[in-house]
Amino acid sequence: MHGSISGWLTIILKRDLLIAFRKSSTYITPLVFFLIVVTFFPLALGPQESLLSSLAPGVIWIAALLASLLAVETIFSDDFRDGTLDEFFISLEPSFILVFAKVLIHWLITGLPILFASLIAAIVLYLPFESFIPMLLSLILGTSFMSLLGALGAALSLGRSAILSAIIVLPFSIPTLLMGTSVISSSLTNQDFSGFLMIMGAMLAIGIPLLCLLTVEALLLNYE
Amino acid sequence: MLPNLKVENLSCVRSNKVVFENINFEVFPGENLEIIGSNGSGKTTLLRTILGLIKPEKGIINWLDENDKFNDFRTFECFYQGHQLGIKNLLTVYENLKLTHGAKGMDENKIYECLERVGLMRINELASNLSVGQRKRISIARWLVKNFKIYFIDEPFSALDDEATSMIEHLIQELNSKGCSFVITGHRPSQVKANRISI
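So the protein sequences, as listed, match chains A and B. First residue of the first sequence: 1187, per the working numbering; consecutive thereafter. First residue of the second sequence: 193, per the working numbering; consecutive thereafter.
Hints are computed from structural coordinates only; laboratory data are not their basis. Treat the hints with caution; some may be incorrect.
[To be verified] Just the calculated beta-carbon pair ranges, DEER-fashion:
(1) B/GLY325 x A/LEU1356: 42 to 48 Å
(2) B/LYS302 x A/GLU1316: 55 to 61 Å
(3) A/LEU1396 x B/ALA351: 51 to 57 Å
(4) B/SER320 x A/PHE1282: 35 to 41 Å
(5) B/ASN316 x A/GLU1410: 38 to 44 Å
(6) B/MET298 x A/ARG1208: 21 to 27 Å
(7) B/GLU366 x A/LYS1200: 40 to 46 Å
Quantities reported herein were computed from a predicted structural model and do not represent experimental measurements. By construction, the Cβ of each residue, glycine as well, lies at the ideal position given by its N, Cα and C atoms.
Modelling step: build the complete structure from the supplied sequences, incorporating the hints.
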C-alpha cells in the first residue's frame, strides 16, 4: 500500500494540473491581480526611485499575499462538490498526502507565477538587482507557507462564502508578511537577512506536517 | 465462509434527529445487499457511516482482514459511488478513468476495454459535454478498473435507460462471480439478486 503513495501523489498532481491548465483563470487571475496592484503604486505615487524602492518590500509582499489568497477557496471546493473528496477519504491512502498534493498544486498555480511576476514588480519598483535573490527566496518560503495556511482556511470554510477563508487566513499570515518584508528591507540596507529566512524556513518545516494534519481534520468536520 | 463486512446495531443521530437505528447486516463475498428506503430515509448516510465518513452514534462495523479476523478498521479497498459521481468536468472521458485512484498503473488497453464495456465511445469528449446518464456510465466503467471486494453504490439505477439498467445488472452479476459484493441503495427493490433491508 505505502509503495503506491508516490503513484497516488502523481495521479493527483497530474489530474489537478491538467484541470488548472484547462481552467486558465485559476492561475491567470492571481498573476494579473499581483501585477495590477504593484504597477498602481508608481502610477499613484509618481516615479520617484527612492520612494518606490523603499516601499517595494511592503508592496511586493502585500500584493503577493493577497494574490495567493485569491484561489484559496478552490483548493478543495471542486473535489467536495463532485464527490472526489469522498473517494480520497474512503481510499486506504493517507489523507495527509492528498492535502500535501493539493497545497503543492495551489503553490504551483499561484505561488510560482507570482515568483516570476515579482521580477517585473522589482523592476517597476526600482528594487536594486542585489535584492532580487533575497526577494525570490523570501517569496518561495512565504508563498509556500501561505498555500498551507490557505488550505486550512479553505477546509474550514468549505461550502461557505469564499471570503471566509481569506478572513480566517489573513491574521495568521502576519508573521510571514513581517519576515518577508524584513528580508527584502535588510537586503536594501546591506544587512544580514539570513536569520529571517531561517525563521521562514522553520515555519514552513513545522507548517507542512502540522497544517496538513489540521487541514485533514478540518475537512473531516464537513462530513459531520 | 466469513462475511467481509459485519454491521451490528448501527445507529446514527444527526442534529438531534435519529437518522437510522439498530441496523444489522452482513456482506458475504459474491453476495449483494440492497438498502431500500424513501427519499431522506438515511440510505446515503448509512453508506457514509459504514465507510467511516460519518461517526455512528452506536454500533459496531467489523471488516474482515487477510488473517480472517474482524477489525473495526478496513484493510482492503472499497469502491464508493455517491450521488456526485466523482467525475471531473474538465477532463475527458478517457482522463476521468486514467486519472482515478483505482486506475493506478493500469495500461491503456484496459481503460479502452472498460469504456467499451459501458458503451462509451466518445473517449476524447470533455465530461462536461455529456448527459447525466453518460456521466454515470463513466462512473460505472470505473467499477471495472480493478476488482474491489465491496462496491458501495448509491442509487445505481437512477437516471439510466433500460439498456444501461440491464448492463449494470449484468456487470453486478459478473463481478459477483469474481467474489465481489455490492451494497446498493434504491427506492424500490431492483432486479439484482440481493439480500434486502429497509430503512
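Requested in this report: Mind checking the hinted window 51 to 57 Å against the Cβ distance between A/LEU1396 and B/ALA351?
Outcome: violated, 43 Å
Query raised in the report: Is 38 to 44 Å a correct range for the gap between the Cβ atoms of B/ASN316 and A/GLU1410?
Result: holds, 40 Å
Requested in this report: Could you tell me whether the CB distance from B/MET298 to A/ARG1208 stays inside 21 to 27 Å?
Outcome: About 23 Å separates the Cβ atoms of B/MET298 and A/ARG1208, which means 21 to 27 Å holds.
Report task. Mind checking the hinted window 40 to 46 Å against the Cβ distance between B/GLU366 and A/LYS1200? Result -> Check failed, 30 Å falls outside 40 to 46 Å.
Requested in this report: Given the range 55 to 61 Å, decide if the beta-carbon distance of B/LYS302 to A/GLU1316 lies inside it.
Outcome: holds, 56 Å
Report task. Check the following: the C-beta atoms of B/GLY325 and A/LEU1356 are separated by a distance inside 42 to 48 Å. Result -> Given a distance of about 44 Å, which is inside 42 to 48 Å, the answer is holds.
Report task. State, for the Cβ atoms of B/SER320 and A/PHE1282, whether the hinted interval 35 to 41 Å holds or is violated. Result -> violated, 31 Å
Of the numbered hints stated above, those contradicted by the structure are hints 3, 4, 7, listed in ascending order.
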